[in-house]
Each structure stands twice: as C-alpha cells, then as structure tokens.
Amino acid sequence: MKYVERLAHRYGQQGFPPYQWTINTEAPLTPLRRPLAECRVAMLTSGGVSRCAAPSWDPDARNDFRLDVIDADAPADDFQVHDSYYETDSAVEDINCVFPIERLREFATEGVIGSVAERQWSGFMGRIYKRQHVLEVAAPAFAAELGRDEVDLALLVPA
Amino acid sequence: MLLSTGLDLTQQVLPPRSLFVNHPMGNPFGRPGDGDQQRRILRAVLGLAERVTVPGTIEMWPEPWGEDFDDVIDRTLGAMGPS
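From first to last, the protein sequence lines stand for chains A and B. The first sequence: position 100 = 99 (numbering that gives the first Met the number 0), numbered continuously. The second sequence: position 32 = 31 (numbering that gives the first Met the number 0), numbered continuously.
Worth flagging that the hints you see were computed from the coordinates, not collected in a lab. Hints should not be assumed to be uniformly reliable.
What the hints assert, rightly or not - Below, in silico cross-link-like pairs of lysine to aspartate or glutamate (EDC-like), each with a Cα-Cα straight-line distance of 20 Å or less: (1) A/Lys-1 with B/Glu-58; (2) A/Lys-129 with A/Glu-86; (3) A/Lys-1 with B/Asp-33; (4) A/Lys-1 with B/Glu-49; (5) A/Lys-129 with B/Glu-49; (6) A/Lys-129 with A/Glu-37; (7) A/Lys-1 with B/Asp-35; (8) A/Lys-129 with B/Asp-70; (9) A/Lys-129 with A/Asp-59; (10) A/Lys-1 with A/Glu-86; (11) A/Lys-1 with B/Asp-69.
What the hints assert, rightly or not - Far from chain B, some chain A residues (derived; all Cβ distances over 12 Å): (12) Arg-118; (13) His-132; (14) Ala-153.
Treat the numbers as computed from the prediction; the structure is a model and nothing was measured. Beta carbons: idealized from backbone N, C-alpha and C, even for Gly.
Looking at chain A on its own, in the form it has when it is part of the complex (with noise of 0.2 Å):
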C-alpha cells in the first residue's frame, strides 16, 4: 500500500503544504549480545492500547507524549484500546493482533526467548508532529528505560 502517495494526495486535497516526512538513507545496527533463547524483550505498542484501569488514550491524540507501563502479566482481556487512526476492531477483540503480549509470555516458557521484561510499553500513538522532541528527548528516554530493565530487544510495533 502506498501510505506516501496516498497521504499527500490527501493533504494536498485538503490545503495543506506538502509534509516534509522522515527519510533517512542509513541506519545503525546493534549486533544481539547473546542468543534469542537467553534475550529479555520488551515490546512497544503505540497502537492507543492501555490498561482498563489506566485512563484511555485520546483516540485523535497530537503531540500526546505519554508513556504507559504495562506489567508483563497483564491479562490479555484486561486492555482497552482508543486510536481513530487505525480500526480497532480486531485489538478489541483480541490485544494480541496489535500487542501479542500472550505470545510473547508463550515463547518465554517454551524457551524461544529468556524472558518478558517486567515492563512493557504502550505510547508515541496518534500524531506527533514534534520530530526534534522525539529525536532528542522522548525517545532517548524510552531508551534509557529500556536500558534500566536490561533489555535486549525492543519490538515496536506501529497499529
């Protein structure tokens, strides 16, 4: 699906100046420290996905830099998920489709991986327009989050 195309058609139709997207022409590459079956893994979902007792996320959130754990325990029927950007009908029904955190516990058992990490993370949904602030402050304290848990890998996964 051609997302880039089909979104600045969009904006034109509707006035806007052409977006000035992202592109980077190089990437770094962290080589995995020990193997998949001892790696702690984290996963990040910014798919409007929280806790029912958490407050729900703004479903047409801008510039929303909240951060939300979710304990690795969480049961799977205990999420609910607010993002008008996406339909949510199959994360309602079930989180795995956006937040396969039942799985991940699975493969932690069965040895795939050596663990879930204690925390896990739902946040950076809905339209952030702010890249400076994500490049120099929120994602580098994501990061370093991260790092106090001693994970790994991080999976991020976009709705």
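Once you have looked at the hints, place chain B on chain A.
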C-alpha cells in the same frame, strides 16, 4: 525490531531491522483469535535479531492477508489527515 504494515513509510524511516506484513493497519499480527498466526509473525520478527547483518534490512512476510483491504486503507487515511 519493527513490525510494519506500511512498506513505503518504513523504507523512508529505515529502522535497523523490520518485518513488513502486508496486512491492514490494526492487524500487524493477524486476525483475532488466530494464535498460530500471531506466533508465526512474532517468531519471524524476533528472528530478525538473529538473522539481520545489514542495517536497514526490511524482510517481507510471505503469507498473504487473503482479501482486499483497500477500503480499510481509505477509511484509515481519512482519519490520518493533518487537521
């Protein structure tokens, strides 16, 4: 690693390791209740950490979604406008 449903967007941002699944947004790990599919995709994306040696690699998930979802994209993009 990144699990992506937007190939062109991912090619622009170029995360270190990505798996592209050609699914509608909202279904990166597949359909509700299909734990086997969720497991296959999760295993594949975790495996990137073992396999990828070239930064910016985007692997393609080989299983098709199985039905057209162009109408879902149109509705999604309608909500994604900047206003």
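Now for the hints, and whether the structure bears them out:
1. A/Lys-1 with B/Glu-58: holds, 17 Å
2. A/Lys-129 with A/Glu-86: Answer violated: A/Lys-129 to A/Glu-86 is near 25 Å, above 20 Å.
3. A/Lys-1 with B/Asp-33: Roughly 27 Å between the alpha carbons, so the hint for A/Lys-1 and B/Asp-33 is violated.
4. A/Lys-1 with B/Glu-49: Outside the cut-off at roughly 29 Å; violated.
5. A/Lys-129 with B/Glu-49: violated, 33 Å
6. A/Lys-129 with A/Glu-37: Violated, at about 36 Å.
7. A/Lys-1 with B/Asp-35: With a Cα-Cα distance of about 28 Å, the restraint between A/Lys-1 and B/Asp-35 is violated, given a limit of 20 Å.
8. A/Lys-129 with B/Asp-70: violated, 30 Å
9. A/Lys-129 with A/Asp-59: Roughly 16 Å separates the two Cα atoms, so the pair holds.
10. A/Lys-1 with A/Glu-86: holds, 18 Å
11. A/Lys-1 with B/Asp-69: Judged against 20 Å, a Cα distance of about 11 Å means the pair holds.
12. Arg-118: Given a closest Cβ separation of 18 Å, the condition holds.
13. His-132: Non-interface label on A/His-132 holds, nearest chain B Cβ at 16 Å vs cutoff 12 Å.
14. Ala-153: Incorrect as stated: the minimum Cβ-Cβ distance to chain B is 8 Å, not above 12 Å.
Against the hints set out earlier in the document, violations occur for numbers 2, 3, 4, 5, 6, 7, 8, 14.
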